[in-house]
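Take the given structure of chain U and dock chain A to it, following the hints.
Spelled out from the first residue to the last, the chains are:
Number of protein chains: 2
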Amino acid sequence: MFSASVLIKVTGQRQLWVKELGIMSTLRRNPVTYGWTIYPDGEFQIPRPACPEEPQISAEECPFCEGKEHTTPPEITAIRRQGSMPNGRGWSVRTIPDINAVLRIEGALKRRGEGIYDLMDGVGAHELIIETPEHHSLFSEYSHQKMHEIVWMYRERMRDLLKDERFRYIQICRNYGLRAGARIPHPHSLAIALPVVPRWVREEIARAAEFWKMKERCLFCDMIALDRKANRVVFENSQFIALAPFASGVPYETWIFPSMHQSQFQDIDDYELDSLAEVLQKTTKALANKLNNPPYNLILHTSPAKMSHQWDSSEKPIAEYYHWHIEIIPRLRELNGFEYGTGLYVNPLLPEAAAAHLREILDKVG
Amino acid sequence: MFSASVLIKVTGQRQLWVKELGIMSTLRRNPVTYGWTIYPDGEFQIPRPACPEEPQISAEECPFCEGKEHTTPPEITAIRRQGSMPNGRGWSVRTIPDINAVLRIEGALKRRGEGIYDLMDGVGAHELIIETPEHHSLFSEYSHQKMHEIVWMYRERMRDLLKDERFRYIQICRNYGLRAGARIPHPHSLAIALPVVPRWVREEIARAAEFWKMKERCLFCDMIALDRKANRVVFENSQFIALAPFASGVPYETWIFPSMHQSQFQDIDDYELDSLAEVLQKTTKALANKLNNPPYNLILHTSPAKMSHQWDSSEKPIAEYYHWHIEIIPRLRELNGFEYGTGLYVNPLLPEAAAAHLREILDKVG
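For the record, the sequence lines run as chains U and A.
Residue numbers are given in this note's numbering: position 94 of the first sequence equals residue 260, and the series is strictly consecutive.
Residue numbers are given in this note's numbering: position 59 of the second sequence equals residue 225, and the series is strictly consecutive.
If we strip away everything but chain U, and leave its shape as in the complex, we get (with noise of 0.2 Å):
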């Protein structure tokens, strides 16, 4: 796939450059939901209000357009021409550290307590990844080469943070879309290393663990089954199947799993990546043309760093029972009092329909 590519790495600088910006933000516990909150060290303003007319940041003023290198900090890694510079131009895909980094490469988590409360320091990483040099680009216009790029350093990304013994949990995600949180237009997706297992994924390998205990098998290998039955596929190859959840809390809400049980997200090979590619190029096209460019969230839900037996009631390792995926969360409307408040959705598409229309778009735009 990379043929005319060569990657290029840029070590040693990534430490340098953190150490300037000199942040150190705090992780705090709620003790009621066992939910951590990052706490950013710096100066808090009231964020405007998002809204679709707001004017956004044009090409010309962009740091992540071709030409801007340097007004970036280095780069972690780049897929890059032949011949070309780190921190210059001619990449496609190249990972920088965020300059407003909520966590920290440097340093020791200092757990700590106070009275009942738990505490850490904010050691991480936080990284984006900037899909490609063209400013306008859209992720659900890309071509297969290019999503091929982009899931590649996801998983680069991925196998090298979690080298770091630090890290619980690597985040991968991305955000389209000022009222799906994405302020900066160009096209880029976020690593997060983690010094903890986030609640959402605690809780699935939870499920997924009392699921096996009662009948030894992958709740959601059972779930794609299911699912298949029901109608509720949006797309399907090889290796790869989209589908719109039984119990989704939102309108075209698409899940994307590795047809056979796989846990970590890592493990994935190149063929594996280019199936992958290939669904979700379709996937989001069939979002954008039905919703017409809809702001949307991609996040992916892979096992913790760490195989760890912390959450295991059934004695066995987490590899047998959690299934590795990636949840596209189109956002449509905010989420009201109600939802917010409770974590009870109300959805006003069955997910039957929403696959239907999506399966009707793919059949007509390809």
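One or more hints might be untrue.
To be verified - Computed from the model, here is a short list of chain A residues facing chain U with C-beta under 10 Å:
| id | residue |
| --- | --- |
| 1 | R195 |
| 2 | P206 |
| 3 | V416 |
| 4 | R499 |
Said to hold, decoys possible - Straight-line distance between alpha carbons at most 25 Å, and here's what the computed PhoX-like set of lysine-lysine pairs gives:
| id | chain 1 | residue 1 | chain 2 | residue 2 |
| --- | --- | --- | --- | --- |
| 5 | A | K276 | U | K395 |
| 6 | A | K456 | A | K395 |
| 7 | U | K234 | U | K312 |
| 8 | U | K395 | U | K381 |
| 9 | A | K530 | A | K456 |
| 10 | U | K276 | A | K395 |
Unchecked claim - Rough simulated footprint, nothing fancy, chain A against chain U, three-plus residues with beta-carbon under 8 Å:
| id | region |
| --- | --- |
| 11 | 272–282 |
| 12 | 408–419 |
Everything labelled a hint here was simulated from the structure, so no lab data went into it.
The C-beta atom is built at its ideal place from N, Cα and C for all residues, glycine as well.
Positioned in the frame of chain U, the structure of chain A alone reads:
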């Protein structure tokens, strides 16, 4: 408090109205999170983005203003001037069924399965509490008397709805501002009776039970004591305390607790109602002044309808370890994909600072 008012209760009409609507929604349970989603029956339309500049329903068109009582479903309960007639003028707080109810009062739950998936019919209640006849009133500017009337109505609706054996949880909540999900600007709260216990409350109960098992103390009582010591208190009177929680997920998140242990909101007496009204008035005033009238959600977390032992691992009744409270969540910005997809929040303001800012404001504006 209501010496000049008399409570008129319309009976028998609610069921009739809901029958005419002919809506039957379905609840589906996510097997991975055990969270439920309500699928209302009806046509789906892609929602418009909510933008602060969007034109809102004017007082002329508003169905909730005084004189428009005939345009809403018949009222369930109202606080009225003596001699005034139901569904006419002369009310100060008025509860009606939501014309777009996502749950309906009639029928059986019909719990059923589809393979590993669980679903049931959408039986419940979905009521609007119109807080004032005045279209342009602000929650943050209510008089003490008005706030008392509103919390009195919260208790009244909760006590009434709890008589129905099918309901597991009564959710009282309030959305203010477009970004918090309030599409109709006329001041109103919601009372929603659910056949399931919402995910967040279930989770809080599970954690409080674990804590009780270890310590034989209420987790929330411990939190209150620590937050008082650490200067996270926003306002406190004889019965209630408003504080910025230790691990608040968003800037200026504020929780209101009865200072003495109490597990069910509906047990609140008239004297306590008055004390709660004061804390609500002060807190919302401080938030409005500090944040220039921000969008926010107000969510009541209380014990489930039946003090069930379902989640109790400590063989103690929930009453001993669960502590009801109100969460006020300013919605200053959208959750980004990282937060939405992980349940891990990034909050640029420490709660100690948030509490200090709000105390300063209260010192100035009272």
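Right, here's what the structure says about each hint:
no., hint, in the structure
1, R195, "holds (6 Å)"
2, P206, "holds (6 Å)"
3, V416, "holds (9 Å)"
4, R499, "holds (4 Å)"
5, A:K276 x U:K395, "holds (23 Å)"
6, A:K456 x A:K395, "holds (24 Å)"
7, U:K234 x U:K312, "holds (21 Å)"
8, U:K395 x U:K381, "holds (20 Å)"
9, A:K530 x A:K456, "holds (11 Å)"
10, U:K276 x A:K395, "holds (23 Å)"
11, 272–282, "holds (count 3)"
12, 408–419, "holds (count 6)"
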